[in-house]
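Asks: Chains as they are written, first to last, in the working numbering: chain A, 8 to 74; chain B, 101 to 244.
There could be a bad hint or two in this list.
A few chain A positions that, by computed beta-carbon distances, are all more than 12 Å from chain B [stated by the list, open to error]: (1) Lys-9; (2) Arg-11; (3) Leu-15; (4) Glu-18; (5) Lys-19; (6) Gly-20; (7) Glu-24; (8) Ala-56; (9) Tyr-58; (10) Ile-66; (11) Asp-71; (12) Glu-72.
Listing some non-contacts, in silico: residues in chain A with all C-beta distances to chain B over 12 Å [said to hold, decoys possible]: (13) Glu-13; (14) Arg-17; (15) Arg-57; (16) Glu-64.
Cβ-Cβ distance ranges computed for the label pairs, FRET-style [said to hold, decoys possible]: (17) A:Arg-17 to B:Ala-116: 42 to 52 Å; (18) B:Ser-216 to A:Glu-24: 54 to 64 Å; (19) A:Ala-14 to B:Ala-123: 56 to 66 Å; (20) B:Val-232 to A:Glu-72: 27 to 37 Å; (21) A:Arg-17 to B:Phe-145: 56 to 66 Å.
No wet-lab data here; the hints were simulated from the structure. Model, not experiment: these values are computed from the prediction. Every residue, glycine too, gets a C-beta built ideally from N, C-alpha and C.
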Amino acid sequence: MKNRLEALRREKGVRQEDLAQALNVSRQTIISLEKGKYNPSLALAFRLARYFALPIEEIFDDSDERV
Amino acid sequence: MKCRAMQNSWLKAMLAVGFVLLAGGLIWAYSVGAGEGLPMRMAGFLCGLGVALAAIGGGCLLLNRIRGERRTKEQTLHMEDERGLTVAYKAQNAAAIAAVLAIVAMTVTALVRGDSLYMMMGSAACCLVALVKIVAWYAYDKMM
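This is chain B alone, in the form it adopts within the complex (with noise of 0.2 Å):
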């Protein structure tokens, strides 16, 4: 849904980036060659990013150009009025609790798999957040 309000120019600018991304990860694929591991990786980490990025942009320009101008701009105010910024604070926030609650699983699946490394950077990401939290809310609370 947010997609086919969002600014033709920034779609345009994503589709963009897409490509360069995927044509660099090609590029570097080809370079480094099969044997090598983690060079390989990501450079199938920047295709993927790439490509997902393109359908993206792609997509929602897509989908302006059919729905149209009007209709791009009432969505467009849609989300961006005073109830439609409140939503999506509100829909940020679920998203939040779903990545910490998504770190907190990861790090007690690390627990129990016995990887320490992973274990530590669970525990880093979640001390991480804890912090975050403070500094904003003390930031926040001294702005407003």
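Chain A with its partners taken away, still in its complex shape (with noise of 0.2 Å):
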């Protein structure tokens, strides 16, 4: 699943160490999610949604996995 979490990042001016702390998660998790290579858990993509005040359907692009 593709998704603009690294663009939203600078846009915001935030590092990665910065995003994972207040994520509770790892910043090999961050790194992940922005290369696409792991997609997050529901929980973990409504608290990015929260974090960066957008819909989850603007942060993440699902349109090559609908059916």
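Take the two lone chains and join them into the complex the hints point to.
Replies: Structure (structure tokens):
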């Protein structure tokens, strides 16, 4: 699943380490999310949406997974 | 890698248990004497287990001290957040497959060598693995 995490984080001027701390996950998890190698759980997706004050659909793009 | 992030209290407990097992094994070994077969092997097993636990516990405590509290906490988070748990789950699956293959190899070797006791033990272990998988699958299917 594609996402705009890296762009949003850079827009906000936040370091990966700070984002990880705010979401209570490791920096490696943020790196994997940004690279699209790992899809977050629903709970983490909601935490991300709340952190960036955006709907989940604006952060994650599931167009390639729709049936 | 995993040991770096284990909590110090667990590591201290592991170290203590290791020393107790080692001491118990040594005392047992000296009390039974060299002529005894099975008790001596049991004492040796206890000593080996004790040394292994003490080495892991002590080594990891030392590593945690060297790396510092902040880095240790980061490592713990790396292992315990949702991605860390997913990675651990996949690693456990791989380990389980390796264990089953080892049991199958042991059973086949026993079959070739004509060792009926180990052949039966290996077969029983394979049956147990299959049974646990079926029961666990059924239980998790009901729970989720």
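Asks: Check the non-interface label on A:Glu-13: least C-beta distance to chain B beyond 12 Å or not.
Replies: Given a closest Cβ separation of 17 Å, the condition holds.
Asks: So A:Asp-71 supposedly isn't at the interface. Is its beta-carbon more than 12 Å from every beta-carbon in chain B?
Replies: Label holds. Min Cβ-Cβ 21 Å, cutoff 12 Å.
Asks: Hey, is A:Arg-11 genuinely clear of chain B, shortest beta carbon separation above 12 Å?
Replies: holds, 19 Å
Asks: Test the statement that A:Lys-9 is away from the interface with chain B: the closest C-beta pair must be farther apart than 12 Å.
Replies: holds, 18 Å
Asks: A:Glu-18 clear of chain B by more than 12 Å, beta carbon to beta carbon?
Replies: At roughly 24 Å from the nearest Cβ of chain B, A:Glu-18 sits farther out than 12 Å, so the non-interface label holds.
Asks: Is the Cβ of A:Glu-64 more than 12 Å away from each Cβ in chain B?
Replies: holds, 21 Å
Asks: Examine each Cβ of chain B, and state whether all of them lie more than 12 Å from the Cβ of A:Ile-66.
Replies: holds, 17 Å
Asks: At 12 Å, judged by beta carbons, does A:Ala-56 keep clear of chain B as stated?
Replies: holds, 16 Å
Asks: Between A:Ala-14 and B:Ala-123, is the Cβ distance one that fits in 56 to 66 Å?
Replies: With Cβ atoms ~60 Å apart, the hint holds.
Asks: The hint says 56 to 66 Å between A:Arg-17 and B:Phe-145; measuring C-beta to C-beta, is that right?
Replies: holds, 57 Å
Asks: Should the label of A:Glu-24 as a non-interface residue stand, given a Cβ cut-off of 12 Å to chain B?
Replies: violated, 9 Å
Asks: Could one say that the CB atoms of B:Ser-216 and A:Glu-24 fall in the range 54 to 64 Å?
Replies: holds, 60 Å
Violated hint: 7 only; the structure is consistent with all others.
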